[in-house]
Amino acid sequence: MTAALIVIAVLLSLAADLAVMRWLIRYLRDGAVNALREIVGRENVYHVEDCQFFGQLSSGYAQVRGNGLLALTDQGIHFLMILPRRHLFIPLVSVQGVSRAPSFLGKRSAKGLLRVDFAGEGGCEDACAFLVRSPDWWASALLSLISGEEPPPAPCRIGNRTECG
Numbered sequence: 216m217t218a219a220l221i222v223i224a225v226l227l228s229l230a231a232d233l234a235v236m237r238w239l240i241r242y243l244r245d246g247a248v249n250a251l252r253e254i255v256g257r258e259n260v261y262h263v264e265d266c267q268f269f270g271q272l273s274s275g276y277a278q279v280r281g282n283g284l285l286a287l288t289d290q291g292i293h294f295l296m297i298l299p300r301r302h303l304f305i306p307l308v309s310v311q312g313v314s315r316a317p318s319f320l321g322k323r324s325a326k327g328l329l330r331v332d333f334a335g336e337g338g339c340e341d342a343c344a345f346l347v348r349s350p351d352w353w354a355s356a357l358l359s360l361i362s363g364e365e366p367p368p369a370p371c372r373i374g375n376r377t378e379c380g
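Under our numbering, the first residue of the sequence shown carries the number 216, and numbering increases by one thereafter.
Please keep in mind that the hints were generated in silico from the structure rather than gathered at the bench. C-beta atoms are modelled at their ideal positions from N, C-alpha and C, and glycine is treated no differently. Please note that a few of the clues may not be correct.
Stated by the list, open to error - DMTMM-like, lysine to aspartate or glutamate: derived pairs with alpha carbons at most 25 angstroms apart:
| # | residue 1 | residue 2 |
| --- | --- | --- |
| 1 | Lys326 | Asp341 |
| 2 | Lys322 | Glu340 |
| 3 | Lys322 | Asp289 |
| 4 | Lys322 | Glu258 |
| 5 | Lys322 | Glu364 |
As the list claims (entries may be wrong) - Each pair of labels, with its calculated beta carbon distance range:
| # | residue 1 | residue 2 | range |
| --- | --- | --- | --- |
| 6 | Ile221 | Pro317 | 42 to 50 angstroms |
| 7 | Arg241 | Gln278 | 20 to 28 angstroms |
| 8 | Arg348 | Ala234 | 39 to 47 angstroms |
| 9 | Cys339 | Leu233 | 39 to 47 angstroms |
| 10 | Ser228 | Cys371 | 31 to 39 angstroms |
| 11 | Pro317 | Asn259 | 28 to 36 angstroms |
| 12 | Arg300 | Ala277 | 13 to 21 angstroms |
| 13 | Arg348 | Ser318 | 33 to 41 angstroms |
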C-alpha cells in the first residue's frame, strides 16, 4: 500500500512539473512572438517559423545555441532566440548563399539544416544554420527575394505534416 502511494505521488509530481514546464515554454514563446512583432515593425512578413539555431560561424564552437523564431521579411531574415533573448538580422543584400547542410559547427541533424552565408560586420564572410520544418521553402523563398521576385506561398502546418498552400 505504501509503495503504491509513493508511485502515485511521484507520478502526480511529474505531471505537475510537466504542466509547469509547458506553461513556462508557452509563456516564453508568446513573449518572443510579441518582441518579434515589435522588431519587424512595418516590414512585409512572408513567413514565421519555430526553429532551432545551430550557431553563427564567426562566434565559433563555444556559443549558445537554442530555440527561437525565424521570420522572413522583405528586408531579410530575423531570428529571435527565446532564451537567452537574442536577435540576429541578416539583410537580404548581405546574403551570399543559401544551402542545405547536414551539419554546422560540429552539430549534425538527420533532417538537414538551412545554411545562410552572408557578409557580416565589416563585410567579413559569415554563416549561420537553422533547423526548420521546411528548409527547401526557406532556400527557395530567400533566393526568390534576392532575385527581386515574390517568394513561393509559405508552408502551412496541418497536424504534424507540413504542406504548401
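Do the hints match the structure? See the list:
A C-alpha spacing of about 23 angstroms is found between Lys326 and Asp341, which places the hinted pair at or below 25 angstroms, so the restraint holds. Taking the CA atoms of Lys322 and Glu340, the gap is about 20 angstroms. The hint holds against a cut of 25 angstroms. Among the hinted pairs, Lys322 with Asp289 is inconsistent with the structure: their alpha-carbon atoms are about 30 angstroms apart, more than 25 angstroms. Among the hinted pairs, Lys322 with Glu258 is inconsistent with the structure: their alpha-carbon atoms are about 32 angstroms apart, more than 25 angstroms.
Our distance criterion of 25 angstroms between C-alpha atoms is broken by Lys322 and Glu364, whose separation comes to about 33 angstroms. Range check, Ile221 to Pro317: Cβ separation about 46 angstroms, and the 42 to 50 angstroms hint holds. Range check, Arg241 to Gln278: Cβ separation about 26 angstroms, and the 20 to 28 angstroms hint holds. For Arg348 and Ala234, the Cβ-Cβ distance of about 26 angstroms falls outside the hinted range of 39 to 47 angstroms, so the restraint is violated.
Remark: the range hint 39 to 47 angstroms for Cys339 to Leu233 is upheld by a beta-carbon distance near 44 angstroms. Checked against the hint of 31 to 39 angstroms, the pair Ser228 and Cys371 passes, with Cβ atoms roughly 38 angstroms apart. As the Cβ distance of Pro317 to Asn259 is approximately 32 angstroms, the hint placing it in 28 to 36 angstroms holds. The given range of 13 to 21 angstroms is respected by Arg300 and Ala277, whose C-beta atoms sit roughly 20 angstroms from each other.
For Arg348 paired with Ser318, a C-beta distance near 19 angstroms fails the hint of 33 to 41 angstroms.
When the structure is compared with the earlier hints, violations turn up for hints 3, 4, 5, 8, 13 and for no others.
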